[in-house]
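Number of protein chains: 2
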Amino acid sequence: MYRPEIKVLDCSIRDGGLINDHCFEDNFVRAVYQACSLAGVDYCELGYQASKKFFSPDKYGKWKFCDEDHIKKAIEGIKSRTKLSTMVDIGRVEMDKVAPKKKSVVDMIRVATYVKDIDKAIDMVNHFAEKGYETTVNIMAISTALQPDLEEGLAGLAESAAQAVYIVDSFGGLFSEQVHFLVDLYAKYLKPKGKEVGMHAHNNQQLGFANTIEAIRKGANYLDGTIYGIGRAAGNCPLELLLAFLKNPKFDLEPILEVIEKEFLPLREQIEWGYIIPYMVTGILNQHPRAAMALRASEKKDKYAEFYHGLVHGD
Amino acid sequence: MYRPEIKVLDCSIRDGGLINDHCFEDNFVRAVYQACSLAGVDYCELGYQASKKFFSPDKYGKWKFCDEDHIKKAIEGIKSRTKLSTMVDIGRVEMDKVAPKKKSVVDMIRVATYVKDIDKAIDMVNHFAEKGYETTVNIMAISTALQPDLEEGLAGLAESAAQAVYIVDSFGGLFSEQVHFLVDLYAKYLKPKGKEVGMHAHNNQQLGFANTIEAIRKGANYLDGTIYGIGRAAGNCPLELLLAFLKNPKFDLEPILEVIEKEFLPLREQIEWGYIIPYMVTGILNQHPRAAMALRASEKKDKYAEFYHGLVHGD
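Protein chains in written order, with the numbering used here: chain A, 2 to 316; chain B, 2 to 316.
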């Protein structure tokens with residue numbers, strides 16, 4: 002029997018925005034939210050609530066800031082039970098400027114953090130929870146976290162307002178046994194406090210979907226996916242595979258396939274993501290994809306062997 | 002500690018040949034064999050030994066037939082410890098025309114079979130083993146095999162000359178728990194007779210590499226991969242990911258990355274394989290990819306939602 006507790010979150014616009022500086026057209030955002038709504042996806046994440054004090058709207062598109070008016074305009078008239086989510090980075094948001102929930106269409110705010118900043122993340126989720134939002138904490142670069150630090154952080158998070166804490170495999174470096182270990186470790190601290198474990202996987206080693214399944218098997222109930230796997234570098238767990246795997250009859254795959262053929266195929270001609278060898282290389286080396294992203298923006302974009310050699314044998 | 006028993010077989014040319022009727026240029030085959038040799042891959046499979054009585058050399062390229070002279074010419078002068086393998090399909094080979102091993106550069110012959118034809122496959126591997134070849138049996142479409150039939154077949158194979166028997170997930174429909182179940186079932190019959198379990202995974206659900214890892218975890222020691230995942234429809238477990246995962250110091254990833262950038266990127270512009278939604282659709286439905294292949298050859302190649310709807314709700 003399927004697990005009704007499972008929540009699927011589509012972060013196509015938010016993680017995909019890391020490829021194009023969050024410059025999606027309203028029509029595209031609208032199509033994604035419409036598809037998620039028809040497909041029965043629980044949450045749809047549209048971007049970051051970054052501060053314009055730190056980031057210029059001249060350089061970044063509107064989904065870097067997620068102004069209330071912009072969101073309302075994009076989703077206007079769409080009948081939906083899909084909740085809206087935004088993400089905030091530590092030190093990049095002016096918390097006081099975030100409206101209380103009752104004045105916002107946003108339902109959930111997710112705080113992205115590294116292990117070392119978990120205490121700051123706890124302050125933030127508590128603040129947003131007081132304002133009436135659902136909240137989660139997403140621990141990035143988890144494949145490089147040291148266990149004692151992580152356990153200390155999880156113990157703190159267990160006492161926070163966050164309803165779920167995510168494993169974020171930012172580098173796409175995890176294998177199934179490590180996913181099993183991490184879900185168990187998270188659950189040990191979180192489940193007794195009624196909090197859920199989440200999984201956000203990257204696809205550098207073509208393990209995004211596989212690792213999400215392994216997290217499900219171990220009890221993770223908050224699952225991130227993106228349509229056609231869109232997302233920075235190698236991208237994410239493809240939402241279409243995840244929905245096809247899940248047995249809850251509320252999910253419908255067809256609207257997702259439709260938005261892929263109509264919106265994501267043309268977009269993929271403009272911007273790139275997915276299984277591209279330099280991203281695979283940073284994945285197998287358990288590194289941030291930034292060196293691979295720099296390579297892909299250079300004339301040496303397809304010099305795979307040289308790139309690998311440099312990372313392994315270089316300084 | 003790594004398992005020295007593990008054997009990696011590259012079947013890029015053989016499975017890739019199913020995309021282009023086995024019409025690879027000698028230079029390409031040479032580059033693949035050279036890369037496999039430098040990378041420390043154990044076996045390289047070049048094609049089928051099909052009979053020209055049943056298939057016309059006007060329609061099919063030389064790697065459908067693997068004439069001794071053609072193989073020798075393609076690999077001439079390459080220093081290598083990588084053994085050569087070919088595949089045969091039941092009813093499509095004239096066994097008497099296959100030379101004895103001592104007159105051939107081929108080291109191993111793999112017999113592809115469905116569960117219902119295992120008895121025929123046993124006759125064939127025994128025949129080829131008598132001629133001096135290493136042999137395996139590869140059981141196709143395993144995700145639709147009924148367990149009693151499969152167990153009867155495995156019991157027979159345990160008494161055959163085959164040194165390994167493969168799980169072949171032709172439809173890319175398996176999940177990790179099913180892989181675990183199948184490796185255990187195979188091992189129950191085969192390991193007591195000193196035979197190994199093999200894994201040949203397809204990538205329709207982006208699980209080709211993940212399922213190969215799960216098979217390894219359960220004890221499978223014969224592992225198929227293809228360079229850049231080339232292979233019919235969604236393709237196979239990418240060899241580059243598999244080699245990066247395996248710990249045996251004899252493997253070197255760099256030659257594989259080099260042949261990808263030099264040979265596979267240009268080829269991918271000519272012929273298609275990989276994660277393409279119609280192949281994902283047949284994978285989630287646990288079906289042969291032929292409907293998806295027909296779609297991709299038609300004007301409706303990107304009508305994903307309609308294709309899915311037709312398979313689920315059609316006749």
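Please note that the accuracy of each hint is not assured.
Remember, identical chains collapse to one label, so a pair may be satisfied in a single copy or spanning two.
[To be verified] Once the Cα atoms are required to be at most 30 Å apart in a straight line, the calculated DSS-like pairs of lysine-lysine come out as:
| no. | residue 1 | residue 2 |
| --- | --- | --- |
| 1 | Lys84 | Lys248 |
| 2 | Lys98 | Lys302 |
| 3 | Lys189 | Lys219 |
| 4 | Lys219 | Lys104 |
These are computed hints drawn from the structure, not numbers from a lab.
ask   = Hints broken by the structure, by number, lowest first?
value = 2 and 4
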